[in-house]
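Protein chains in written order, with our numbering: chain A, 1 to 458; chain B, 1 to 458.
Hints were generated in silico from the structure; no laboratory data involved.
Keep in mind it's a predicted model, so treat the numbers as computed, not measured.
No residue lacks a Cβ here, since even glycine has one placed at the ideal position from N, Cα and C.
Keep in mind that a hint or two might mislead.
Here are the simulated EDC-like cross-link-like pairs (lysine to aspartate or glutamate), alpha carbons at most 20 Å apart as the crow flies [as the list claims (entries may be wrong)]:
1. 316/B - 156/A
2. 316/B - 160/A
3. 165/B - 456/B
4. 273/B - 213/A
5. 171/A - 160/A
6. 211/A - 34/B
7. 316/A - 156/B
8. 3/B - 13/B
9. 211/A - 276/B
10. 316/A - 34/B
11. 3/A - 276/A
12. 316/B - 95/A
13. 211/B - 387/A
14. 316/B - 387/A
Quick list of simulated restraints, FRET-style, between CB atoms [said to hold, decoys possible]:
15. 272/A - 212/B: 10 to 20 Å
16. 42/B - 351/A: 36 to 46 Å
17. 99/B - 429/A: 55 to 65 Å
18. 314/B - 96/A: 52 to 62 Å
19. 429/A - 269/B: 20 to 30 Å
Protein chains: 2
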Amino acid sequence: MSKFEQLDAYLVEHQHAHLELLFELLRIPSVSADSSKKSEMGRAAAWVADQFRSAGLKTELIPGDGPALIYAETEPVEGQPVVLVYGHYDVQPADPLELWDTPPFEPALRDGNIYARGSTDDKGQMLTHVLSVLAWKNCGMKLPVQVKFLIEGQEEQGSEVLEAKLPELAKKLACDVIVISDSSQYAKGQPAITYGLRGIAYFELRVHGPKMDLHSGSFGGAVTNPGLALARILTEIKTPDGRIQLPGFYDNVVELEASERAMWDSMGFSDTKFAEALGVDALTGETGYSTLERRWARPTFDVHGLLGGYQGEGGKTVIPSWNGAKISFRLVPNQDPATVGRQLREFIASHTPPGVRVEVIDLHGGRGVVVDPNSKFMKGAVRAVEEGFGVQPVLIREGGSIPIVAQMVDALDCDVLLIGWGLDDDGAHSPNEKFCLNDFYRGIRSSSRLWEHLADRR
Amino acid sequence: MSKFEQLDAYLVEHQHAHLELLFELLRIPSVSADSSKKSEMGRAAAWVADQFRSAGLKTELIPGDGPALIYAETEPVEGQPVVLVYGHYDVQPADPLELWDTPPFEPALRDGNIYARGSTDDKGQMLTHVLSVLAWKNCGMKLPVQVKFLIEGQEEQGSEVLEAKLPELAKKLACDVIVISDSSQYAKGQPAITYGLRGIAYFELRVHGPKMDLHSGSFGGAVTNPGLALARILTEIKTPDGRIQLPGFYDNVVELEASERAMWDSMGFSDTKFAEALGVDALTGETGYSTLERRWARPTFDVHGLLGGYQGEGGKTVIPSWNGAKISFRLVPNQDPATVGRQLREFIASHTPPGVRVEVIDLHGGRGVVVDPNSKFMKGAVRAVEEGFGVQPVLIREGGSIPIVAQMVDALDCDVLLIGWGLDDDGAHSPNEKFCLNDFYRGIRSSSRLWEHLADRR
Chain A
1 MSKFEQLDAY
11 LVEHQHAHLE
21 LLFELLRIPS
31 VSADSSKKSE
41 MGRAAAWVAD
51 QFRSAGLKTE
61 LIPGDGPALI
71 YAETEPVEGQ
81 PVVLVYGHYD
91 VQPADPLELW
101 DTPPFEPALR
111 DGNIYARGST
121 DDKGQMLTHV
131 LSVLAWKNCG
141 MKLPVQVKFL
151 IEGQEEQGSE
161 VLEAKLPELA
171 KKLACDVIVI
181 SDSSQYAKGQ
191 PAITYGLRGI
201 AYFELRVHGP
211 KMDLHSGSFG
221 GAVTNPGLAL
231 ARILTEIKTP
241 DGRIQLPGFY
251 DNVVELEASE
261 RAMWDSMGFS
271 DTKFAEALGV
281 DALTGETGYS
291 TLERRWARPT
301 FDVHGLLGGY
311 QGEGGKTVIP
321 SWNGAKISFR
331 LVPNQDPATV
341 GRQLREFIAS
351 HTPPGVRVEV
361 IDLHGGRGVV
371 VDPNSKFMKG
381 AVRAVEEGFG
391 VQPVLIREGG
401 SIPIVAQMVD
411 ALDCDVLLIG
421 WGLDDDGAHS
431 PNEKFCLNDF
441 YRGIRSSSRL
451 WEHLADRR
Chain B
1 MSKFEQLDAY
11 LVEHQHAHLE
21 LLFELLRIPS
31 VSADSSKKSE
41 MGRAAAWVAD
51 QFRSAGLKTE
61 LIPGDGPALI
71 YAETEPVEGQ
81 PVVLVYGHYD
91 VQPADPLELW
101 DTPPFEPALR
111 DGNIYARGST
121 DDKGQMLTHV
131 LSVLAWKNCG
141 MKLPVQVKFL
151 IEGQEEQGSE
161 VLEAKLPELA
171 KKLACDVIVI
181 SDSSQYAKGQ
191 PAITYGLRGI
201 AYFELRVHGP
211 KMDLHSGSFG
221 GAVTNPGLAL
231 ARILTEIKTP
241 DGRIQLPGFY
251 DNVVELEASE
261 RAMWDSMGFS
271 DTKFAEALGV
281 DALTGETGYS
291 TLERRWARPT
301 FDVHGLLGGY
311 QGEGGKTVIP
321 SWNGAKISFR
331 LVPNQDPATV
341 GRQLREFIAS
351 HTPPGVRVEV
361 IDLHGGRGVV
371 VDPNSKFMKG
381 AVRAVEEGFG
391 VQPVLIREGG
401 SIPIVAQMVD
411 ALDCDVLLIG
421 WGLDDDGAHS
431 PNEKFCLNDF
441 YRGIRSSSRL
451 WEHLADRR
């Protein structure tokens, strides 16, 4: 029997045992947002560490100002890449509880899906890699690469512990490529590997006018209305054809490669179906780019909320003393959130109408990340996923931002592969979160091949 | 002794008695917004009616779906105008109580001012006309004109009873001119007569985008952001130089007379001091008009509040499914709020970006009003105020809207004189509301002359 035949046989034989293990972890309500669940967080961390220890991995719990990090590693393999698997054992809160068909922490199988909080995000996906390494170990085979694991317990709360410890952990975590399964396939039956994420620069604008609310009858027509001044500034930031007007905004933007555009064009994305699913009569955005290109690889500007003035029932006739907005720019490589902050302030300084003053408050920021879709790691991952799923994965980017990923890539100077085993409709942060049972098994199988295909075979 | 000498002597002699009467009325907490104060509303109405009856006026309480209206009239005077005095016996709520230096319903004299809720708005001002008619009566003199009184108890709550009853009361209230003292002098020591009010058309806009909030990472750049679409529409409604872009908006606008502009230019209004008082570094508005002209006699457009999306602490990365705004247009004669509503809808229909839908909700509207500043009534009023205050009043307009005034002027086809005895810093709707004691006396004296000077003397 070849290595793969051995592994496949082992995985089939252990399907029930693997599911039982996942159920054990899902039964621990490790809600990082809930301070009353501190001991459950500890139980979940200990459970994960136990899996590593049972397979003989060098394992440690790294304490911090929050949930512990779990670090584990297999033996180094001379001349071969080091792979770092990142995942998390914490989950989102489960409320509203009354919307769950079965209790969130009592995993249930229905229609081929595992229903439980954390099933897809991220306990089920993370475990695929743990179990595939255990499979190699239990089959008595030497892993072709060194696999390191960093499993944190604060991903749903902003990864502050990891962020704080990243500099001191950099040496321990040193690797050639990070593997993360904490996202979705492109579509049902169509796995994907994500090789890029957008960054973000998030701000609050506050436009200050008169020092107190004014009666709009007695004063209307004499002073600049802060709400209208805000509206004008927001309008001037982005043209109707989707171009952002901050000075120098596009200077460092890495343009799309022709090969990427061709690859995505061939994916059969339907604007019509997409618009229909969102309930809008038209898709809009930057001229000259397809919808996928605009979502995944072009910067944009959005308003998230509007603030200030009278917001109650009926009408109140005030000129508000201030109005504001929550806004963000989605960034692409190689834009820098701090630079965008400076560009925004510069733009506003030259676009503030007389009679008001604009305050720019930095809320948060993170760089985007993109790795070479033609790298050897990518080729290896594509092969592994194809063998696990029986379908060649598409190579995509993702419009959202995972600031900790960009920080790890920066700190460790490595590649990254985001291989999501989930589906868009898994309800990751919603009631009735699910994970397809077969995708759990296919994920373990893909992962078991991944270690082999990421190894150098020159 | 001449008639005026007799009246002046009577008024000086009765100063203390008049103040006592005002204190009696101020002690009744007739807060129309407070349903627990229903019996106090009844007491206040009865008290006012008693004053009229004590002077022998034909008096009636007109019940309605809310606080009663009080109607009273002196004898008709053949060949002379009929004057209708409008006022109100209800007051604003007094909270926050802890900010009052003395209790709101225990009137107190300090620094030459009467401190109490309702002192300036409107019990003190309204009573000047009641007491001046009583003075004529008590001096045994026949009033030179017929004076009718309509005193309502719901002005602070929108005058719904009066509005509903106006058609059936039109015959009873028939008059040549309405006199209202429920506003302010132009400045301390400078009385004013207001001969125009702006109207208003108030709306809520709701811009609807995707059918649910979307993750701005995954979807940003693909759909029209409702907050940005709203911002663009608001921005396009008014140019930076203050011109409103609704089609036909200025068609019916009555332009300022050269004489009005000259009159107001001569009033020594200081843009610098005004801007300083409001805490703004510049005054802005429609090009080609002075600040007073823009506030009193030009239409304008304001945002009162912004709605929708994430408004909490920090950042949330959503594309809101909707955003909205409370907006209004201040109108001048002869603009019609319903017409402006149609113009707004027409404008929005042609300015809605693709990918969103805009809902326009009518909130409230009222026409502006302006009467001839050179009318014989105005001349008589100027003379009366000058004799009462020792200073010639300036003729002004007011930027605010009193929809019931425009409705009465329309329904009764008459002139209107708004003669405010108050001051801008009286705190009409605030804690420590006050009314200058001497202005109370000067108001009664002016009113006592008014009946004579409004009479025809051909």
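Is residue 316/B within 20 Å of residue 160/A, Cα to Cα?
Distance of about 17 Å is within 20 Å: holds.
Does residue 156/B sit within 20 Å of residue 316/A, going by the straight-line distance between their CA atoms?
Holds, because 13 Å separates the two Cα atoms, which is no more than 20 Å.
CA of residue 316/B to CA of residue 156/A, is that 20 Å or under?
holds, 13 Å
Run the distance test for residue 165/B versus residue 456/B: straight-line Cα separation, threshold 20 Å.
Given that 20 Å is the threshold and the Cα spacing comes to 31 Å, the pair is violated.
Starting from the hint 55 to 65 Å, judge whether the C-beta atoms of residue 99/B and residue 429/A obey it.
Check failed, 45 Å falls outside 55 to 65 Å.
Using the C-beta atoms of residue 272/A and residue 212/B, is the stated range 10 to 20 Å upheld?
holds, 19 Å
Beta-carbon spacing of residue 314/B to residue 96/A - inside the hinted bounds 52 to 62 Å or not
violated, 22 Å
Starting from residue 316/B, check that the Cα of residue 95/A is at most 20 Å away, please.
Within the cut-off at roughly 19 Å; holds.
Within 20 Å, alpha carbon to alpha carbon, are residue 316/A and residue 34/B?
holds, 19 Å
Holds or violated: residue 171/A and residue 160/A, Cα atoms, limit 20 Å.
Holds: residue 171/A and residue 160/A sit about 19 Å apart, inside 20 Å.
Just tell me: holds or violated, for the beta carbon distance of residue 42/B and residue 351/A against 36 to 46 Å?
Taking Cβ atoms as reference, residue 42/B and residue 351/A lie about 58 Å apart, which means the hint is violated.
Hint check: residue 316/B vs residue 387/A, CA-CA at most 20 Å. Holds or violated?
violated, 39 Å
Checked against the numbered hints listed earlier, the structure breaks hints 3, 6, 11, 13, 14, 16, 17, 18 and 19; every other hint is satisfied.
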